[in-house]
Amino acid sequence: MIDKRVSGVAAALAGLETGARVMVNGFGGAGLPIALVKGLGAGGAGGLTIIANTLRMIESHAPELFTERRVTGAIASAARSRGEGTAIFEQQIFDGALACELVPQGSFVERIRAGGAGIPAFYTPTGVGTELAEGRELREFDGRPCVLETAIRADFALLRADRADRWGNVACAGSQLNFAHAMASAATVTVVEVHEISAEALPPHGIDIPGIFVQRIVEIPREDSA
Amino acid sequence: MTDRLSRRQIAWRAARDLADGAYVNLGLGMPVLVSDHAPVGREIMFHSENGIVGVGPVADAGAADPDLTDAGSRLVTLAPGAALVDSAEAFAMIRGGHVDVTLLGGFQVSAAGDLANWDSRSRVKGRLVGGAMDLAVGAKSVRVLMAHTTREGDARLVERCDLPLTALSAVDRVYTDLAVVDVTASGFLVREMIAGLDAAALRAVTAAPLEFADDVAILAPPVL
Numbered sequence: 001m002i003d004k005r006v007s008g009v010a011a012a013l014a015g016l017e018t019g020a021r022v023m024v025n026g027f028g029g030a031g032l033p034i035a036l037v038k039g040l041g042a043g044g045a046g047g048l049t050i051i052a053n054t055l056r057m058i059e060s061h062a063p064e065l066f067t068e069r070r071v072t073g074a075i076a077s078a079a080r081s082r083g084e085g086t087a088i089f090e091q092q093i094f095d096g097a098l099a100c101e102l103v104p105q106g107s108f109v110e111r112i113r114a115g116g117a118g119i120p121a122f123y124t125p126t127g128v129g130t131e132l133a134e135g136r137e138l139r140e141f142d143g144r145p146c147v148l149e150t151a152i153r154a155d156f157a158l159l160r161a162d163r164a165d166r167w168g169n170v171a172c173a174g175s176q177l178n179f180a181h182a183m184a185s186a187a188t189v190t191v192v193e194v195h196e197i198s199a200e201a202l203p204p205h206g207i208d209i210p211g212i213f214v215q216r217i218v219e220i221p222r223e224d225s226a
Numbered sequence: 001m002t003d004r005l006s007r008r009q010i011a012w013r014a015a016r017d018l019a020d021g022a023y024v025n026l027g028l029g030m031p032v033l034v035s036d037h038a039p040v041g042r043e044i045m046f047h048s049e050n051g052i053v054g055v056g057p058v059a060d061a062g063a064a065d066p067d068l069t070d071a072g073s074r075l076v077t078l079a080p081g082a083a084l085v086d087s088a089e090a091f092a093m094i095r096g097g098h099v100d101v102t103l104l105g106g107f108q109v110s111a112a113g114d115l116a117n118w119d120s121r122s123r124v125k126g127r128l129v130g131g132a133m134d135l136a137v138g139a140k141s142v143r144v145l146m147a148h149t150t151r152e153g154d155a156r157l158v159e160r161c162d163l164p165l166t167a168l169s170a171v172d173r174v175y176t177d178l179a180v181v182d183v184t185a186s187g188f189l190v191r192e193m194i195a196g197l198d199a200a201a202l203r204a205v206t207a208a209p210l211e212f213a214d215d216v217a218i219l220a221p222p223v224l
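Line order of the protein sequences matches chains A and B. Each step along the first sequence adds one to the number in this note's numbering, with nothing skipped, and position 194 is 194. Each step along the second sequence adds one to the number in this note's numbering, with nothing skipped, and position 170 is 170.
No lab work stands behind these hints: they were computed from the structure. Hints should not be assumed to be uniformly reliable.
Unchecked claim - Label-pair ranges, simulated between beta-carbon atoms: (1) B:I218 x A:R144: 22 to 28 Å; (2) B:G196 x A:R144: 41 to 47 Å; (3) A:G118 x B:D162: 24 to 30 Å; (4) A:A199 x B:G41: 47 to 53 Å; (5) A:A121 x B:P80: 36 to 42 Å; (6) A:F122 x B:T2: 47 to 53 Å; (7) A:R139 x B:D214: 19 to 25 Å; (8) B:G29 x A:A201: 43 to 49 Å; (9) B:S186 x A:R136: 30 to 36 Å; (10) A:H205 x B:G56: 20 to 26 Å; (11) A:A201 x B:P66: 24 to 30 Å; (12) A:E137 x B:D215: 55 to 61 Å; (13) A:E137 x B:G96: 43 to 49 Å.
Unchecked claim - Dumping the calculated EDC-like pairs for lysine to aspartate or glutamate here, alpha-carbon to alpha-carbon at most 16 Å: (14) B:K125 x A:D95; (15) A:K38 x A:D3; (16) A:K38 x A:D224; (17) B:K140 x B:D172; (18) B:K140 x B:D100; (19) B:K125 x A:E84.
Beta carbons are placed, not taken as given, at the ideal position from N, Cα and C, and that holds for glycine.
Go ahead and model the full structure; you've got the sequences and the hints to work with.
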């Protein structure tokens, strides 16, 4: 019998150890797995590489990841805080303590999608002529120069969605999906926090992420996921 | 000379050029104001790279859904006919040439249409590239909204950008607080200017050669 339900954040993050590469979904607050990110902060793993569109939401929900210098690498399209002043992660990037690879957002998600789809690399015109493509392999297609981008994979992907069933099928609300489908496909262990695990199978046409990409589902009450 | 345009007036002018039925992506900052000034009677579908085709108005505080945001992380609503997709598909729409227009903010635009709009070389705030590089190479038409000069008075229309580039030869049109300027094969071509500004005065705040259309119009938005 297939049953991907686990009980509690600790079980959801079991096996996430020092040195792990961890993908975190979210665009703004939509789809951000707040309970799992807090659990990552409460755990002891260090030497982490965080792969997320933006680092600011991760610092705001789990500041100890940065104050305790447990994040040593990052891949992101946005490494900037909101408002005045400098966030801890920004200062660590300035100081060289946190190695952050900045990637154009479309290439960021396509590299993850490629990682999950068994495509080792692809060419794109995005970034050609900019410093983000410096030193990289270029090739012309139909007269247009393109840069080689390589796939990204991870040990864990942490997502938040609306509903799931015991088979690991996931349905999203609003704009929660953002990077979740690509990340779910590209991680060895994909963990999804949802407000409700359906007793019945989700309708097949209403599934945003099929359970084949999902290893663990954890039910988190709405109030613990904000 | 009349006053320089406000940010909303620049957005109003950019909105005049959006056709009925167009799919349009709005960048952070001044461009997101454009949706407030869409011409009456034209149905424009606003695309947001986090996965929305058909962004509606910003949600009322009481009815806001924290799981429905646009690419600027604003809590939004959906327009009639909207579709929700994932980020990879949203960028396939961009790179695949399905988005008609992108309106972007800018720090500098060169006479060749090169755009610099993502890294101001701050030592206080970190770097954010977001989707600008994908939008600048992928949208069918790339238009930039920015003040004609920096706060210090330096020109933003330049021969060559000296800030980090977003894309080469990408920009088609620039809307500033003084003028509407096209980027052509032979450089900048002024289409519209605010009343009372003459060619010499515009050249004085521009760091690249300017040509002027035969029929330069007066740029005169309503008070906004």
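Status of the hints after comparison with the structure:
1. Look at B:I218 against A:R144: about 39 Å separates their beta carbons, and that is not inside 22 to 28 Å.
2. At about 43 Å, the CB distance of B:G196 to A:R144 agrees with the hint of 41 to 47 Å.
3. In this structure, A:G118 and B:D162 break the distance hint of 24 to 30 Å, their C-beta atoms being roughly 42 Å apart.
4. In this structure the supplied range 47 to 53 Å holds for A:A199 paired with B:G41, their Cβ-Cβ distance being about 49 Å.
5. Under the hint 36 to 42 Å, the C-beta atoms of A:A121 and B:P80, about 40 Å apart, fit the expected range.
6. The beta-carbon spacing between A:F122 and B:T2, approximately 50 Å, falls within the hinted interval of 47 to 53 Å.
7. Between A:R139 and B:D214 the beta carbons are some 43 Å apart, a value that contradicts the proposed interval 19 to 25 Å.
8. Distance hint for B:G29 and A:A201: a CB-CB separation of about 45 Å, consistent with the stated range 43 to 49 Å.
9. Checking the proposed 30 to 36 Å range against B:S186 and A:R136 shows it holds: the Cβ atoms sit about 32 Å from each other.
10. Under the hint 20 to 26 Å, the C-beta atoms of A:H205 and B:G56, about 25 Å apart, fit the expected range.
11. A hinted range of 24 to 30 Å holds for the C-beta pair A:A201 and B:P66, which are about 28 Å apart.
12. Between A:E137 and B:D215 the beta carbons are some 47 Å apart, a value that contradicts the proposed interval 55 to 61 Å.
13. Between A:E137 and B:G96 the CB atoms are about 23 Å apart, so this pair departs from the stated range of 43 to 49 Å.
14. Distance check on the hinted pair: B:K125 and A:D95 sit about 13 Å apart at the alpha-carbon level, within 16 Å; holds.
15. Pair hint A:K38 plus A:D3 does not hold up; C-alpha atoms about 25 Å apart against a cutoff of 16 Å.
16. Restraint check for A:K38 and A:D224: satisfied, since their Cα atoms lie roughly 10 Å apart, inside the 16 Å limit.
17. As the CA atoms of B:K140 and B:D172 are separated by approximately 10 Å, the hinted pair is consistent with the 16 Å bound.
18. For a cut-off of 16 Å, the pair hint linking B:K140 to B:D100 stands: about 5 Å separates their Cα positions.
19. Under the criterion of a C-alpha separation no larger than 16 Å, the hint pairing B:K125 with A:E84 is consistent with the structure, at around 8 Å.
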